[in-house]
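Chains as they are written, first to last, in our numbering: chain A, 69 to 374; chain B, 47 to 289.
It is worth saying that the hints were derived from the structure and are not from the lab. Small disclaimer: the values here were computed from a predicted structure and weren't measured. Think of the CB as a built atom: it goes at the ideal place given N, C-alpha and C, for glycine as much as any other residue. Don't take every hint at face value.
Covered by chain A, according to a simulated footprint, are these stretches of chain B (three or more residues, beta-carbon under 8 angstroms) [said to hold, decoys possible]:
(1) 119 to 132
(2) 137 to 145
(3) 152 to 161
(4) 197 to 205
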Amino acid sequence: MHSASKHLLFILAPLVVVFALLPGAYQNHLLLFNFVIFLILAQGVNIIYGFTGYLPFGYVGFFGAGAYGFAIMVMHLQTPAPLAVLVGGAVAVALGLLLTPLLRLSGAYFAIANLAASLAVLHFVANPALEGITKGPYGVSLTGTFNPTHAYYAAVVVMALTVGAVIYLKNSPFGLALQAVREDAVSASMAGVNIIKMRVIAWLASALVAGLAGGIYAWYVSVFYPDNVFSGEFSIFAIVFALFGGVATVTGPIVGVLILYGIYNLIGFTTPQYFQLIYGLLIMGLVLFLPAGLVSLATRRGWHVP
Amino acid sequence: MSPEQNSILKVSKLVKRFGGFHALDGLSFHVVPGEILGLVGPNGSGKTTAINVISGLYAPDGGEVVFDGASSGGVASHRLVHRGINRTFQVPKPFLSLTVRENIQVALAYGGATGTPPSIAELLEKYRLKEVADRPAADLNSAQQKMLDLTRALATRPRLLLLDELAAGLNPAELDWIAGRIKALAATGMAIIVVEHLMGFIEQITDRVIVLNAGKEIFEGTLATAVREPQVIEVFLGGEHAH
Ligand SMILES: Nc1ncnc2c1ncn2[C@@H]1O[C@H](COP(=O)(O)OP(=O)(O)OP(=O)(O)O)[C@@H](O)[C@H]1O
Ligand SMILES: [Mg+2]
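Produce the entire structure from the sequences given, and follow the hints as far as they go.
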C-alpha cells in the first residue's frame with residue numbers, strides 16, 4: 069500500500085473515529101474539545117516549525133485573530149457560525165500575509181519578532197478605542213451561536229484536515245522541498261526550489277489552521293476576553309507538545325498532545341504544586357536527552373516513524 | 047562562427063564587491079557547449095565568487111553575465127536552475143537530515159529538467175551512492191557528500207555545470223574515475239567550468255584555462271602555455287610565499 073494511504077488509514081481514521089465517538093462515552097466534553105484544539109495547534113506548529121524551521125513563539129496571534137474574526141462576523145453581521153469560522157481562518161491568513169516580512173529573520177530573531185507581533189495584535193484588539201468593533205478589553209459574548217456540540221464536531225473536521233495536510237507534506241515532493249529549504253536554503257534553490265514561495269505557503273497554511281481553530285474556539289466558549297484567546301499559553305503548549313512528540317512527523321505532535329496534555333489534566337488540577345515540578349523536569353529532560361522528540365527513540369534504532 | 051559567438055555563457059567585466067573589497071574586478075571569459083574550462087588562481091582570487099554570481103547566489107555589482115543569449119546577472123538561483131545552470135559547492139551542502147535518495151528527489155521534482163529527467167537509480171549507481179541511498183546525507187563522508195552535490199545538480203539536467211573543487215580530497219583512483227565522468231558529461235554537450243587547485247587534474251580534463259588573480263583574468267589558454275607565462279608563475283609563487 070502507498071504510504072500516504074497507510075497514514076490516512078492507520079493514523080488519521082482512528083484519530084477521527086475516536087474523537088467523534090468519545091463524547092458519547094466521556095462526560096467532560098470541554099476537556100475533549102481542548103484536546104482536539106491542541107491537536108490542531110500542535111500540527112499547525114509542526115507545519116511551520118517541523119517542515120520549515122521557523123519557531124512561531126507568537127503562534128497564538130493567529131488563533132486570537134481567528135477568534136475575533138469569528139466574533140466580529142457574528143456580532144455585527146449575524147453570520148452563521150460555520151461561515152464565521154471560515155472568516156476567522158481568512159483573517160488569520162491575512163495577518164500571516166501582513167507578517168511575511170518576518171520570514172526574512174531566522175532562529176531566535178524570528179521567534180521574538182513573532183511573539184512581539186502577537187502581542188501587538190492583542191493590544192490592537194483590546195484597545196478601548198475599538199470598542200465599537202471588537203468590544204475592546206471588555207470581551208465578547210456570542211449567545212446567538214452558542215452550540216458546543218456543533219463546535220466540537222467542527223473542531224474534529226478541522227483536526228482531520230490538518231492531520232491530512234501533514235500527511236500530504238510527509239508524502240509529497242512539496243513536503244520534501246519544504247524540508248530541503250529548512251535544511252539548507254541555498255542548496256534548495258539550486259535544486260530549483262523557489263524558497264520564498266515555499267516558506268510563505270507553509271506560513272500561511274499554519275496561520276489558516278490556527279485561525280480556524282480560534283474561530284471554533286470562539287464558537288465553543290462564546291464568552292471570552294482578549295487575554296483568553298491571545299494567551300501565550302496556547303503558543304507554548306502547542307510548541308512543547310509538538311516538540312515533545314517530535315516534529316516533521318505525522319505522529320509526533322499527536323503523541324505529544326495525548327501524553328503531555330493528558331498528564332497536565334491528570335495531575336494539573338488535583339495537585340498543581342507537583343504538576344509544575346513534574347512538567348518542568350519532563351521538559352528539561354526532553355530538551356537535554358531527546359532533542360528530536362519521543363519519536364527519535366524509534367528513529368535512532370533505525371525504525372521508520374510516520 | 048567564432049567560438050565566442052557559440053558560447054553558452056559569456057561573462058563581461060564582472061564586478062562583485064564585499065564592502066569596499068573587490069572580490070571580482072572586471073572578470074571576462076566565455077564557455078562553449080561541450081567544453082571543459084578550468085578556472086584556476088591562488089586562494090582568495092575570486093573563483094568561488096565567480097561561481098556564486100553565475101549561479102545567482104549574488105547579484106553582480108557591475109558587468110554582465112549572459113547565459114544562452116539572455117542576461118542572467120541578478121536572476122534568482124532557482125530560475126537559473128530552470129534555465130539550465132547548476133553547480134556543486136566547495137564545501138558540500140546536502141540536505142543533512144534527508145536521505146540521499148530524497149536529496150536527489152527534491153532536485154528531480156523541482157529542478158525543471160527539460161526532456162527525460164535522469165533516473166535516480168542510474169545517478170546513484172554512476173556516482174557510487176547506491177549503497178547509501180537510504181541513509182541520511184549526514185552519514186556520508188565528505189567525498190560522498192561531494193558526489194551527492196553533483197548528482198543533485200545533474201538531476202536538474204544542466205547545460206552549464208559549475209564544479210567548485212569537486213576533486214579536492216579524493217584519492218588518485220577516485221580522481222581518475224571522476225575525471226572520466228566529467229569528460230563523459232562534456233561529451234554530451236554540457237559546458238563545464240572546473241575550479242580546482244590540483245594542476246594534474248586540471249591538465250587531465252580541461253580544454254582551456256582561465257587564470258584568475260585578484261578578481262581579474264590574467265591568462266587564457268591551455269594549461270601548458272599558462273605555466274610558461276611569467277605573470278602566472280609570479281602569481282602562484284607569490285601566493286605560495288604568502289603562506
Ligand atoms: N560573502 C563574502 N563576504 C565577504 N567577503 C567575501 C565573501 N565571499 C568571498 N569573500 C572574499 O572574496 C575574496 C574571494 O573569495 P573566493 O571565495 O571567491 O576565493 P577563491 O578563489 O574561491 O579562493 P579559494 O581557492 O580559497 O576557494 C576573498 O578575499 C574572500 O574573503
Ligand atoms: Mg573557492
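Against the structure, the hints come out as follows:
1. 119 to 132: holds (count 6)
2. 137 to 145: Contact hint for the segment 137 to 145 of chain B vs chain A: holds, 6 residues under 8 angstroms.
3. 152 to 161: holds (count 6)
4. 197 to 205: holds (count 4)
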